[in-house]
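Residue numbers (the working numbering), protein chains in the order written: chain A, 1 to 597; chain B, 1 to 597.
Each hint should be verified, as a subset may be incorrect.
[Said to hold, decoys possible] Residues from chain B that face chain A, not an exhaustive set, calculated with beta carbons under 10 Å:
1) Y165
2) L441
3) C445
4) I451
5) L462
6) K528
7) T559
8) E585
9) A587
10) W588
[Said to hold, decoys possible] One-sided excerpt, in silico: chain B residues whose CB lies under 7 Å from chain A:
11) Y137
12) E179
13) Y252
14) C495
Since the hints were derived computationally from the structure, they do not count as laboratory data.
All residues carry an ideal CB built from backbone N, CA and C; glycine is no exception.
2 protein chains.
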Amino acid sequence: MNTAEKLTALRAEMKKRRLAAYIVPTDDFHGSEYVGDYFKAREYLSGFTGSAGTLLVMPERALLWTDGRYFLQAESQLSGSGIELMKSGQPGVPTLPAYLGEELSQGDVIGFDGRTVTGAFVEELREKTDKKQITFYGKRDLVDLIWEDRPPLSAEPVWELEISYAGLTREDKIQKVREKMEEYGADAFLVTALDEVAWLLNLRGGDVKHTPVFLSYLFLTKRRAILCAQRKAFSEEICRELQRAGVTLLAYESIEEMVSSLPEGHRILVDERKVNYRLLQAVSKGVEKVNRPSPIALMKAVKTPKEIAHIRSAHVKDGVAVTRFLYWLKTHVGKETITEMGAAQKLEEFRAEREGYLEPSFSPIIAYGAHAASPHYEATPETDAVIRPEGLCLADTGGHYSEGTTDITRTIVLGEVTAEEKRAFTLVLKGHLRFGAAKFLEGVCGQNLDILARQPLWENGLDYNHGTGHGVGYLLSVHEGPQNVRWRIGKEMDCVSLEEGMILSNEPGLYMAGKFGIRHENLVLVRKGEKTECGQFMYLEPLTMVPFDKEAIDTTLMTAEELGLLNTYHKKVYETLAPYLAGEELAWLEKATAPLW
Amino acid sequence: MNTAEKLTALRAEMKKRRLAAYIVPTDDFHGSEYVGDYFKAREYLSGFTGSAGTLLVMPERALLWTDGRYFLQAESQLSGSGIELMKSGQPGVPTLPAYLGEELSQGDVIGFDGRTVTGAFVEELREKTDKKQITFYGKRDLVDLIWEDRPPLSAEPVWELEISYAGLTREDKIQKVREKMEEYGADAFLVTALDEVAWLLNLRGGDVKHTPVFLSYLFLTKRRAILCAQRKAFSEEICRELQRAGVTLLAYESIEEMVSSLPEGHRILVDERKVNYRLLQAVSKGVEKVNRPSPIALMKAVKTPKEIAHIRSAHVKDGVAVTRFLYWLKTHVGKETITEMGAAQKLEEFRAEREGYLEPSFSPIIAYGAHAASPHYEATPETDAVIRPEGLCLADTGGHYSEGTTDITRTIVLGEVTAEEKRAFTLVLKGHLRFGAAKFLEGVCGQNLDILARQPLWENGLDYNHGTGHGVGYLLSVHEGPQNVRWRIGKEMDCVSLEEGMILSNEPGLYMAGKFGIRHENLVLVRKGEKTECGQFMYLEPLTMVPFDKEAIDTTLMTAEELGLLNTYHKKVYETLAPYLAGEELAWLEKATAPLW
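Chain A with its partners taken away, still in its complex shape:
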């Protein structure tokens, strides 16, 4: 079927159920950042392959919302499909809920697969459509009825994360979560985020690209722990271990039944920003929902001492791989044909040589020249540029190791760079160094610190349109909360104090459309510093160990203090990596990390 035929088939199913609109988002049942092939219903219907976008089908029209990263790609892929492109965030473009609020008629019904949208999204829909008495139909996945060759649900083998890596047993973790349930007065807790289930049970899997998790739900009560997952993904041994820890394994689909079986008068903890609509609907009328942030998110964000020791070692390995890549790229560019995708492949090879390396932690961004002006650029065979011996190349990549997850960006000098590029490179570096040197009181949030990274840019009328930092999982998602670093303070309670053991990225940038892009990213660890009469002070320890490219630094723009911070970091990089390098690579590292005055 082509797109038109697919839409016709879907509309026939909509008509049978008298639906005025059907929404197809880009989500699995767990709100994952990446989704498996089974869940790519929006891509199947529309032909648009971007990682973010929501399709709305109505009897006469079909529209697709996506964001700035994908305008060009969506225009090209939707061309001739009859699907209209809605450019999210552009002036005059309504959000999908606002559009439906305007377009629908009194008493209309909106359909969607209730497992692919969160309770919070449906709440927003309700607000926008309330005055028209519009109702929702979330019981059926209509795309499934017309999708003949749909890929099966992924069920890759689940594996055990040894206690020597995790630092806490699953029994201990479950106990801690039950204490939080007690504190919230909750009799049950529905865990749907895949990385939360994986963290809690010290298990990993392979059902989601770049994120070693497995499709599952966990239903926790004071006495029972029910894991709803695909039995075939579990070995006998893991099943025994789970049983020993008091965890019962049931079928993936049985979660709805489990939720609805909770008796009246009980209270269930659900984070409505994360839990899907269908499961929220399954909660019985007489059961009270306690809508609070999942306590697992915070526990998972604060790394155990064991995890931290391993993470430091993962960063040494990653530092060796990326440093060798930098040396290779800078010495080979112009002498052989290297494209963005080729360079990414080479970096992957350097990482793969390291013991314990598993896979990339996200799709690598190797962006040459003007390509780097798009912060989320991802090379495709169509765009794959040859890297030439001039200008800058931005490399934002990361890996999963048994010892933890890395995420690093370096902006690499390949030859001649302009004064404008140097100035931009240096201003961003100043912000990176200042944020990295922050000393602050316990209780401070990322929102308090963000300005440290942006100030050198703001002072020059410049800015970057993304956050300064995010949390990073331990062999889980490379992006995790609840902490983050940005300046906008939302109405939701998303300002989380930075606690000892949390990891943050420190990644200011600057993007000049049509010209170049700069980003400098280290991961840092939040640590306790001195305790004085004024309170407990905290600081950030750099985890990433790779030199910044001094060739693009305009030292006249840096203060003596900033140069000192850079030199101290580079000294530590040299001392850390030197034992693992030799010959020309070592000689290069020595030069690359030599002090700058």
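Starting from the known structure of chain A, fit chain B onto it as the hints suggest.
Below, chain B without anything else, positioned relative to chain A:
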């Protein structure tokens, strides 16, 4: 009656009404920062005269909660009264609601004058006492029944703030507020904050110390504007003007009736953090409360261009007065006996010489030596210290002028200062200068900027235990919201973007118990700066025009950039004030503002 007799009389009234507890706070019916004598029921009962404190009377015990500023004073004033002191914020000391939650029995009744507590406070009480089915009795002011010589309600003459000062007519203001009511879907709006009523109606009064407001409520509907206030405070002319603007004047007490008269099915806008419990109870069951921040607070915070022009001129007058005071103090100290209260009196005289000066905008803080280590120190005849020609004197004072309200702190060198004092003085000044030089994107809140002022201290394990800045009213309260500068991000929506036309104080400090205290405070105006591709940038214009005392600056601790900021400010101070000074005072100003390298 002595305190014991008063408590006995109150307990007799409590017993008649079967009250297990009676709460007497330090508030008028409007949540004002300062209260008139009529409202000093807590002081009358307990003998404790501090500006903050809540008395709890139970059949067998009486307890008074107050904060760290008043521990010593309360201990002394409560001695022998039988009232126990509860030191708020100290480890192991429960809050009043938590204490009641523990101590009371099933089904007990808590009493208070429902006009002296906010809806939010009663909500907190309810949370802590809910499981014991405790109820509230807020209908009667029991203290009034026993207080024989109670001072009358203040009813000072109300006066008109000319349009040439206000910049907007009361009709225009009411119209703007009605637009907001429309936006919130509210049919009525209950305004209880005295500065909000005064601002809206371009009227001022004299019923609250340091705040030229008058006792009143405003009840606004789409068509009507009812002012409930004391008729005798209004001249015939103002009554006519109000009538012309569509404002009806009713008795102060009739507000409850007005509120309760709103018919079922209507929606009333009330800010439950501000409106008193009794009035919230008066809202009929069938009327929906829209609990949102009062829109007047934000309108009032954003000064009109006319107000801004006047405010700049008030600051020039205030700068002349304070500069003359600095010169006088520094040249007279040690030659004649000057006490803290005497110095305050002298500064008041310098201010009183300026045309348009009305009164102090708060009780002056002149704190010599170790006295300044208490940020809120206020000299009394008992503590009034002689200022000697050595060390530092902190002067935090302000005035109301027809042209606006000032608030300034200078820390003054009187002779020899220690290296520790110089270092503290300089670190605080660095923070003051950095915050003052902030350039930031529109949308940024005080919480994003606070770290700029604290960073030089935090880097040295130091801090100050108060906010960095507050809003300032126009001939209203010297402390106003909704914007503020501090780092803690509350759960309530109290993060407000800094908008052009808002005023902030910039007042970092450092307090060394038993030794000295430092604070440097200017008022600044939020202004729009350049607009670039990255957005609208904002900056802060200093309004306060008085030199900082260079004699305590350790220039080795300051960067060239910070010295440049200080020199630029001092140059502007000289240019602004020089036309109004002559002779020795002018010569001194020239020296005091000469560049420092």
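- Can you name, in rising order, the numbers of the hints this structure does not satisfy? The structure breaks hints 1, 6, 8, 9, 10, 11, 12 and 13; every other hint is satisfied.
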